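A.B. asks: Listed below, chain by chain, are the residues.
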Amino acid sequence: MLVKIIPNEFNPWKYLQEHELQAGKFGATATFIGTMRDYNVGDTVKSMFLEHYPNMTEKHLQKISNIALQRWDILDTLIIHRVGEILPGDNIVLVAAWAGHRAPAFEACRFLMEELKAKAPFWKRETLVNNEVRWVDAN
Amino acid sequence: MVTIKFFASLREEVGKNEVQIEAGEQLTIAKIWNQVCDGIPLPNHVLMAINMEYTDLNSLVKDGDEVAFFPPVTGG
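Sequence lines, in order, name chains A and B. Going by our numbering, the first residue of the first sequence is number 1, and it counts up by one from there. Going by our numbering, the first residue of the second sequence is number 140, and it counts up by one from there.
Since the hints were derived computationally from the structure, they do not count as laboratory data. As the structure is a prediction and not an experimental result, all values here were calculated from the model. Even glycine gets a Cβ: it sits at the ideal position worked out from N, Cα and C. There could be a bad hint or two in this list.
To be verified - Here are the in silico distance ranges between beta carbons for each label pair: (1) A:Q62 <-> B:K170: 25 to 35 angstroms; (2) A:N11 <-> B:N156: 28 to 38 angstroms; (3) B:I179 <-> A:D90: 32 to 42 angstroms.
Said to hold, decoys possible - Think about it this way: if two alpha-carbon atoms lie no more than 25 angstroms apart in a straight line, the pair counts; the simulated BS3-like pairs of lysine-lysine are: (4) B:K155 <-> A:K119; (5) A:K63 <-> A:K119; (6) B:K170 <-> B:K144; (7) B:K201 <-> B:K170; (8) A:K119 <-> A:K4; (9) A:K14 <-> A:K59; (10) B:K155 <-> B:K201; (11) A:K59 <-> B:K201; (12) A:K117 <-> A:K25; (13) A:K117 <-> A:K59; (14) A:K25 <-> A:K4; (15) A:K4 <-> B:K144; (16) A:K14 <-> A:K4; (17) A:K4 <-> A:K59; (18) B:K144 <-> A:K59; (19) A:K25 <-> A:K119; (20) A:K46 <-> A:K117; (21) B:K144 <-> A:K119; (22) B:K144 <-> B:K201; (23) B:K144 <-> A:K117; (24) A:K63 <-> B:K201; (25) B:K144 <-> A:K63; (26) A:K117 <-> A:K63; (27) B:K170 <-> B:K155.
Chain B on its own, in the form it takes in the complex:
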């Protein structure tokens, strides 16, 4: 299984906090977004991470990974 988390305003836009999906072959971050987000287009400037490291849409995801999508950060 792959765990997918959404944070901040993106969680509200997508209407999901956390979901789990089966890890298929050649599963990329882009495919995960399309599979989980019910046709919502990927907003500009969305950041993404695999296992808490920044990554990009073409990265491959494997079984057991944690994927996160979130808006630009505003800390400090």
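Chain A with its partners taken away, still in its complex shape:
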């Protein structure tokens, strides 16, 4: 299990390769990558700042990873999440689950992403093209 909060742009494919198990030991990798859009609720967004609660965020992501590892027949999990200043097109989050078969990999990956969205302490503040700054209040 790996949970990482990073302040810089990241390449999700590199993280997946680095964290992958030994070839032949797994049969399924389910992944989700969330990427920043340049629009939100009808407005054009220039940039976004992602705030988190240092240590609580990591702790919460480790907790949901442990739940997934106990609940499904999976081999490993990975969660990478950006914080700080983000631009449209940047990757925000990578979630992955490895398993022997596709069903538990898909289900665990979906669970991790939904739990992250519901309870992991992150907050988005976006800057529009007209320089208006606003907190995102819907997830």
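Dock chain B against chain A, hints included.
C.D. replies: Chain B alone, transformed into the frame defined by chain A:
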């Protein structure tokens, strides 16, 4: 002492980032909000944590605890 932290839009609404108060007897999260937030009503949907675990308004807080108030989360 008890450390109280505020995050994101709530930090701006309350006008505080972090404060410390004495830990009194039977100190609950609700009492802390009233004591620290100068009569600002608790907004709906505010989330709260003690020592980085989600909790509720009636939870008791003890000396050395870290309490946090924050708005609904918007990660991912």
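A.B. asks: Does each hint fit the structure? Answer for all of them.
C.D. replies: Consistency of the hints with the structure:
no., hint, in the structure
1, A:Q62 <-> B:K170: 25 to 35 angstroms, "holds (31 angstroms)"
2, A:N11 <-> B:N156: 28 to 38 angstroms, "holds (33 angstroms)"
3, B:I179 <-> A:D90: 32 to 42 angstroms, "holds (35 angstroms)"
4, B:K155 <-> A:K119, "holds (23 angstroms)"
5, A:K63 <-> A:K119, "holds (11 angstroms)"
6, B:K170 <-> B:K144, "holds (15 angstroms)"
7, B:K201 <-> B:K170, "holds (13 angstroms)"
8, A:K119 <-> A:K4, "holds (16 angstroms)"
9, A:K14 <-> A:K59, "holds (24 angstroms)"
10, B:K155 <-> B:K201, "holds (21 angstroms)"
11, A:K59 <-> B:K201, "holds (21 angstroms)"
12, A:K117 <-> A:K25, "violated (30 angstroms)"
13, A:K117 <-> A:K59, "holds (15 angstroms)"
14, A:K25 <-> A:K4, "holds (24 angstroms)"
15, A:K4 <-> B:K144, "holds (23 angstroms)"
16, A:K14 <-> A:K4, "holds (14 angstroms)"
17, A:K4 <-> A:K59, "holds (11 angstroms)"
18, B:K144 <-> A:K59, "holds (17 angstroms)"
19, A:K25 <-> A:K119, "violated (32 angstroms)"
20, A:K46 <-> A:K117, "holds (22 angstroms)"
21, B:K144 <-> A:K119, "holds (17 angstroms)"
22, B:K144 <-> B:K201, "holds (15 angstroms)"
23, B:K144 <-> A:K117, "holds (22 angstroms)"
24, A:K63 <-> B:K201, "holds (24 angstroms)"
25, B:K144 <-> A:K63, "holds (22 angstroms)"
26, A:K117 <-> A:K63, "holds (14 angstroms)"
27, B:K170 <-> B:K155, "holds (17 angstroms)"
The structure does not agree with the numbered hints 12, 19 stated previously, though it agrees with the rest.
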